[in-house]
Amino acid sequence: MLTKRIIPCLDIKNGRTVKGVNFIDLRDAGDPVELAKQYADIGADELVFLDISATLEGRATTLDMVLHVAEQVNIPFTVGGGISSIEHVDDLLKCGADKVSINSSAVKRPELVNELSNKFGSQCIVVAIDAKQIDGHWKVHLAGGSIPTDIDLFEWAKEVEQRGAGEILFTSMDHDGTKNGFANEALAKLSSELNIPIIASGGAGNIQHFIDTFKEGKADAALAASVFHFGEIPIPELKRALKNNNIEVRL
Amino acid sequence: MKLVIINYGAGNIKSIQFAFKRLGVDAILSNNPDEIVAADKIIFPGVGEASTAMNMLKESGLDILIPTLKQPVLGICLGMQLLCKSTEEGYTKGLGVFNTDVKRFSNDVKVPQMGWNVIKDLKSDLFEGIKEGAYMYLVHSYYAEHCEQTIAKTDYGINYASALQHNNFYGVQFHPEKSSLAGEKILENFLKL
Numbered sequence: 015m016l017t018k019r020i021i022p023c024l025d026i027k028n029g030r031t032v033k034g035v036n037f038i039d040l041r042d043a044g045d046p047v048e049l050a051k052q053y054a055d056i057g058a059d060e061l062v063f064l065d066i067s068a069t070l071e072g073r074a075t076t077l078d079m080v081l082h083v084a085e086q087v088n089i090p091f092t093v094g095g096g097i098s099s100i101e102h103v104d105d106l107l108k109c110g111a112d113k114v115s116i117n118s119s120a121v122k123r124p125e126l127v128n129e130l131s132n133k134f135g136s137q138c139i140v141v142a143i144d145a146k147q148i149d150g151h152w153k154v155h156l157a158g159g160s161i162p163t164d165i166d167l168f169e170w171a172k173e174v175e176q177r178g179a180g181e182i183l184f185t186s187m188d189h190d191g192t193k194n195g196f197a198n199e200a201l202a203k204l205s206s207e208l209n210i211p212i213i214a215s216g217g218a219g220n221i222q223h224f225i226d227t228f229k230e231g232k233a234d235a236a237l238a239a240s241v242f243h244f245g246e247i248p249i250p251e252l253k254r255a256l257k258n259n260n261i262e263v264r265l
Numbered sequence: 005m006k007l008v009i010i011n012y013g014a015g016n017i018k019s020i021q022f023a024f025k026r027l028g029v030d031a032i033l034s035n036n037p038d039e040i041v042a043a044d045k046i047i048f049p050g051v052g053e054a055s056t057a058m059n060m061l062k063e064s065g066l067d068i069l070i071p072t073l074k075q076p077v078l079g080i081c082l083g084m085q086l087l088c089k090s091t092e093e094g095y096t097k098g099l100g101v102f103n104t105d106v107k108r109f110s111n112d113v114k115v116p117q118m119g120w121n122v123i124k125d126l127k128s129d130l131f132e133g134i135k136e137g138a139y140m141y142l143v144h145s146y147y148a149e150h151c152e153q154t155i156a157k158t159d160y161g162i163n164y165a166s167a168l169q170h171n172n173f174y175g176v177q178f179h180p181e182k183s184s185l186a187g188e189k190i191l192e193n194f195l196k197l
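Residue numbers (my numbering), protein chains in the order written: chain W, 15 to 265; chain X, 5 to 197.
Chain W extracted, bound-state conformation (with noise of 0.2 Å):
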C-alpha cells in the first residue's frame, strides 16, 4: 500500500537553512546538505528545500546546493522558491532536483503550469498554494502569504490541476506557525474534489495533529519545519505513533 509521507521543510537563505516563525522571524538551524542526509537517514520520505531569498540572491547559490544535495541524499526532494521559469527549471533538474515547486508565478501566469508539465512532466510538477480565510471563504495569497488575492483556493487548485500540476502543496496561512494542527477541513475538500495528491502543511505542533491530517485531513503528505528541526518530534517517533494509529508509514 501507498504510505503516507513525512515531509520536513528547510527554507534556505544564504545556503543556510532557516525557519520563519509565521514567515517573518527567521533563526538558523544549519547546513542544509548535513541536515538533509540527517533526516534521510532518521526515515524523512521526501525532503522539501524553500529558498525564501531567491529574488535576492543569483541563481548560482541554491543550484549549486541543489547539486551537493542530490550528490549526498538518497531520497527525493523538491525545489521551490522564486522560480518562474522553464530555464529555471530545467537547471534545477539537471542539478538533480526530483521536483519544483511554483506559487506566485503560477497565479501570475497560469500558463506556466500547463508548460512546465507538458516540457517535463505532472509528476515533478508541484503547485504550492498559501490560502487564508476572509471571511468565511479560503483565498489565494501571494509573495509568502503578503498578498492577498480574490483567487478561491478550492477553484484554483482545480485548475492547477487542469493545467497539469502532479501535485499541491497548501500551506494554510491561519494555522503556519501557530502549532495548533493543520487546515484539515479545507485539506479533506481539495483530496476530495481533486485527484492529485495533497501536502498537508502549516500548524503542526504535536504527533496527534500529523494522525488528524491523515485521518480527517485525507491528506496524501504532511510537511513541516520547525517542530523537525528543533527536535520536538521526533521523526521515528511519529512515524512508529502513526503506524500505531493504523495509518501506513515507511518504517
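It is worth saying that the hints were derived from the structure and are not from the lab. Worth double-checking, as some hints may not be accurate.
[What the hints assert, rightly or not] Here are the simulated distance ranges between beta carbons:
1. X:Asp30 with W:Gln52: 20 to 30 Å
2. X:Tyr95 with W:Ser206: 30 to 40 Å
3. W:Asn194 with X:Glu39: 50 to 60 Å
4. W:Lys257 with X:Asp44: 19 to 29 Å
[Unchecked claim] Here are the simulated DSS-like pairs of lysine-lysine, each with C-alpha atoms no more than 25 Å apart in a straight line:
5. W:Lys133 with X:Lys18
6. X:Lys157 with W:Lys108
7. X:Lys124 with W:Lys257
8. W:Lys51 with X:Lys25
9. W:Lys257 with X:Lys157
Glycine included, each C-beta is placed from N, C-alpha and C at the ideal position.
Got chain W sorted already, so can you dock chain X onto it with the hints?
Frame of chain W, contents of chain X only:
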C-alpha cells in the same frame, strides 16, 4: 567496470549518476552507440512523457540498438515502460523486450502514484538481500501489466508488475536511486550481475 547511463534527453540522469558515485562507480553518460555497446553494464533511464521519449530514442537510432544489447541493461521508470510492447501514454509502440503492455491507472486512485510503496513476490538476483515488502519510491501514472517476466509486484488500486526481467534485460518501475538504502542495494546487485 564500465557503466554507461544512456543519455537521450529524458530524465533525472544526475540522480542516477550520483547514486552510483555513492557506491564508488563513475558512470559515463552517453548516447554514442559504440560507447554503449562497449559498456559492461547499461542503465536505461527515463522520466517524462512516453511518446516524446520514444521520439528522442528514434532520432539517435537507439530504438534499434537497445533491444540488441547483450550485457545487463536496467530500465528505470519510463525506461522500463519503453522496454514493454506498448504504452497507453501517447499510444506509443515500445521496444518489445518485455512481453507486456503499459496501461494508465484508473481514477479510483490518485494519479500519479507518488511516494513509497512495497514490492513483493521478489524473483530475481536483482533483489538479493532485499526483504519481501521493502519500500521503494515510485512516481508514475502508468503501470506494466503482469506477464511471465514479472519479478516484483506492487498494489495500487490493482496489482501490477513493479519489476520485469527478460534474459539480460531488467526493468524497475521504482526509482532505486531515490529509495534510500534498499534502493542502493538493488543498484549494487545490478553491478554484480
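Verification of the hints:
| no. | hint | verdict |
| --- | --- | --- |
| 1 | X:Asp30 with W:Gln52: 20 to 30 Å | 26 Å, holds |
| 2 | X:Tyr95 with W:Ser206: 30 to 40 Å | 31 Å, holds |
| 3 | W:Asn194 with X:Glu39: 50 to 60 Å | 58 Å, holds |
| 4 | W:Lys257 with X:Asp44: 19 to 29 Å | 42 Å, violated |
| 5 | W:Lys133 with X:Lys18 | 18 Å, holds |
| 6 | X:Lys157 with W:Lys108 | 31 Å, violated |
| 7 | X:Lys124 with W:Lys257 | 20 Å, holds |
| 8 | W:Lys51 with X:Lys25 | 16 Å, holds |
| 9 | W:Lys257 with X:Lys157 | 23 Å, holds |
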